[in-house]
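Kindly produce the complete structure, drawing on both the sequences and the hints.
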Amino acid sequence: MAPKGRRPGTFSPGWRDGAVLRAGTVESLPAMAKAATQPGARGGKLTQAQLEARAQQRAEDDELIREAQKGQRAAFDTLVRRYDQSVLRLALHMLGNEQDAQDVHQEAFIKAYRHLGNFRFECSFYTWLYRIVTNLCLDQLRRRKSRREDPSTAIDSSGDEMDLLANISDDRAMANPARELERKMMGERIREALDKLTPRERMVFELKHYQGLKLRTIGEMLSTTEETAKNTLFRATRKLRANLAELRGA
Amino acid sequence: MKCEMAKDNVILAYYGELPDELAGSLEQHLMTCEECRHELEAIQAMETPLAAIPMVEPTPNLLAQSRMRLDDALDSIPPHGFLTRLRTNFFAWMGHLRSAPALATLLVGVGFIGGNFLNRYEVASQPRPRTGPTYTNETHAVIGNVTGIDRTPDSELVQVHYNKIVPETVEGSLDSAEIRELLLKGAMAPTDNVRAESVSMLAGECKAGHQCPSRDDGKGVRNALLVALRYDKDAGVRLKALEGLEPYVAQDQKVRDAILDSLASDPDAKVRMATVSLLEPVQHDSSVRKVLRNASTQDENPYIRTVSYNALQGSDSIQ
Ligand SMILES: [Zn+2]
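Protein chains in written order, with numbering that gives the first Met the number 0: chain U, 0 to 249; chain F, 0 to 318.
Treat each hint with caution, since some may be false.
[To be verified] Computed footprint of chain U on chain F; a stretch qualifies when at least three of its residues, placed anywhere within it, have a C-beta under 8 Å from a C-beta of chain U: (1) 65 to 75; (2) 239 to 252.
[As the list claims (entries may be wrong)] Partial chain U-side listing against chain F, Cβ under 10 Å, derived: (3) 80; (4) 91; (5) 95; (6) 101; (7) 119; (8) 120; (9) 121; (10) 180; (11) 188; (12) 195; (13) 198; (14) 199; (15) 240; (16) 244.
[Stated by the list, open to error] In silico contact screen, one side only, chain U against chain F (beta carbon under 8 Å); selected entries: (17) 63; (18) 64; (19) 79; (20) 84; (21) 118; (22) 137; (23) 139; (24) 182; (25) 207; (26) 209; (27) 214; (28) 218; (29) 221; (30) 232.
Treat the hints as calculated values from the structure; they're not laboratory data. Just so you know, even glycine gets a beta-carbon here, dropped at the ideal spot from N, CA and C.
Written out as structure tokens, the structure reads:
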């Protein structure tokens, strides 16, 4: 499981760099065709060491759950500390709002705690936990949709209006405020485009594009099949493409 | 592969989820289908705008706060187990600090302390990777650049993707498979000279009749020449490709079509010019006559108009 956010762009691995991006000229065409079909470009294969670490982590999680099921709070707390940063990160990116992210964080772990007795070790704790988290995020998004709340203005925990991108402070921003402003406006418009997806499409896209999870895992997390997750990803990608084209046209 | 399926597969390929057994046929499809190539370009183009909302780590402040809130909430759930006293006290202390108005402005600082404390706790409780780094495709050479980093959550494992600069030289016969493979790659190189040289050599092989069969899988030397003729941006390379294709005008429909397309629309007059004489063996073919007729009236170059006209006259007199 890799909930670590991929940062598309500068550090993206493989074929999306270099020649492929220069595909405007005809000569790179065969290279492009080849590049598109190279396996494992995104979310590539894991090394043996990573696989081993994951297996070990899973075994440790299972042990912690057994202890927590027997009533040991400390064991549950360890599980919380293992995963809550990932949970917070996902919720923050999905909901674009610290307050909501914090609510989801709390609600998810309380739910997990209350229902830990039902955990049957059929999937990893992480998948099970993320299933709870994604459901809570989906609920939140649906509520928002029905309220038609403006998602681009968010209030942070101190009551001030929060700048969704303020967290990304970097030196270049200071050096070039005009460019920074442009980037922020772009970010807002992208959020609008993302908000045009259904909550479920938004979630699948989030888990695939930003969290870099495998479709099989996404299917598991959303309690559906890999095939359904796949089709949802197709729909989301196409819609988003159209929405983004609209932005450019506007 | 049908376009509808290809378009789905383009998305899967982009996200690294295309099964290996489908990669080959998608690649082939993309070589021949402009629409699906556009699909790929469109997907790739989404990357930049989407990067405008990057993933950000929750601030240490937010994380510490969320943990305190959660701990309070969990504590209020009655019948479960015991807490370690130290941790309770620590968070109780943090809670007081947070609620004291005079210290409210210090919260960010406290958050940092809390965050660091928790981080150290996490680091201490992490599973240790037991083995050293493992390499895939290890070669002993200089590292060119790092192209990507994947972190395994809550562990110290990272996967680093990088390119190595491995200058190597191979010497061998033009007929050897390795050299041919390299020349085929060279025919797609970004450097003009390399492409020109590769295509020229491949064309020479075709002219000499050495292993230049038409293949249905879109691979092989003849196909590389077809691709070069249709898509290379350098007119010199296209001319070389044309030379290599000459022997196959009569028997290979694909070659003929590519040459007709060049006569009709190649931006370079020298290339268009060269196609006319190449078409001589098939001048009586009706599709060829049609293109020649167009060229004889519409080509912007008067010399090509004349040559095409003459070619048509020639084929008339044969009939
Ligand atoms: Zn197609």
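Here's how the hints hold up against the structure:
1. Residues of the region 65 to 75 of chain F with a Cβ under 8 Å from some Cβ of chain U number 7, which satisfies the need for three, so the listed coverage holds.
2. With a cut-off of 8 Å between beta carbons, the region 239 to 252 of chain F has 0 residues touching chain U; three or more are needed, and the interface restraint is violated.
3. Residue-level restraint check for residue 80(U) holds (minimum Cβ-Cβ distance to chain F is 6 Å; threshold 10 Å).
4. Checking residue 91(U) against chain F by beta carbon gives a least distance of about 6 Å; that is within 10 Å, so the hint holds.
5. With a cut of 10 Å, the hint placing residue 95(U) at the interface with chain F holds, because the nearest CB-to-CB distance is about 8 Å.
6. Of the supplied interface hints, the one on residue 101(U) holds, with its beta-carbon coming within about 5 Å of a beta-carbon of chain F, less than 10 Å.
7. Evaluation of the residue 119(U) hint against chain F yields a violated restraint, the C-beta minimum of about 19 Å exceeding 10 Å.
8. Because the closest C-beta pair between residue 120(U) and chain F is about 18 Å apart, greater than 10 Å, the hint is violated.
9. The criterion of a C-beta within 10 Å of any C-beta in chain F is not met by residue 121(U), whose closest approach is roughly 21 Å, and the hint is violated.
10. Annotation: interface hint on residue 180(U) violated; nearest CB of chain F at approximately 12 Å, more than 10 Å.
11. Look at residue 188(U): its Cβ gets to within about 8 Å of chain F, closer than 10 Å, so that hint holds up.
12. Here the hint on residue 195(U) is broken, as its CB sits about 14 Å from the closest CB of chain F, past 10 Å.
13. Annotation: residue 198(U) was flagged as interfacial toward chain F, and the flag is violated, the nearest CB pair being 17 Å apart, outside 10 Å.
14. About 17 Å separates the beta-carbon of residue 199(U) from the nearest beta-carbon of chain F, more than 10 Å, and the hint is not met.
15. A hinted interface residue such as residue 240(U) counts as satisfied when its beta carbon comes closer than 10 Å to some beta carbon of chain F; here the least separation is about 6 Å, so the hint holds.
16. The interface hint given for residue 244(U) holds, since its Cβ lies 8 Å from the closest Cβ of chain F, which is under the 10 Å cut-off.
17. With a least beta-carbon distance of about 10 Å to chain F, the hint placing residue 63(U) at the interface is violated under the 8 Å criterion.
18. Interface restraint check for residue 64(U): the shortest CB-CB distance to chain F comes to about 14 Å, outside 8 Å, so the restraint is violated.
19. Annotation: interface hint on residue 79(U) holds; nearest CB of chain F at approximately 7 Å, less than 8 Å.
20. Because the smallest distance between the Cβ of residue 84(U) and any Cβ of chain F comes to about 6 Å, under 8 Å, the interface hint for this residue holds.
21. Interface hint status for residue 118(U): violated, as the beta-carbon distance to the closest one in chain F is roughly 15 Å, over 8 Å.
22. Hint status for residue 137(U) relative to chain F: violated, with the closest Cβ pair at about 19 Å, above 8 Å.
23. Contact between residue 139(U) and chain F, as hinted, is not supported at the beta carbon level, the nearest pair being about 16 Å apart and thus beyond 8 Å.
24. At a threshold of 8 Å, the smallest CB-CB gap from residue 182(U) to chain F is about 6 Å, leaving the interface hint in force.
25. Satisfaction of the interface hint for residue 207(U) is found here, the shortest Cβ-Cβ separation to chain F being roughly 6 Å, below the 8 Å cut-off.
26. For residue 209(U), the interface hint holds, the least distance from its beta-carbon to any beta-carbon of chain F being 6 Å, beneath 8 Å.
27. Because the closest C-beta pair between residue 214(U) and chain F is about 6 Å apart, less than 8 Å, the hint holds.
28. Interface restraint check for residue 218(U): the shortest CB-CB distance to chain F comes to about 12 Å, outside 8 Å, so the restraint is violated.
29. A least Cβ separation of about 16 Å between residue 221(U) and chain F goes past the 8 Å threshold, and the interface hint is therefore violated.
30. Evaluation of the residue 232(U) hint against chain F yields a held restraint, the C-beta minimum of about 7 Å falling below 8 Å.
Hint compliance for this structure: hints 2, 7, 8, 9, 10, 12, 13, 14, 17, 18, 21, 22, 23, 28, 29 are not met, and every other hint is.
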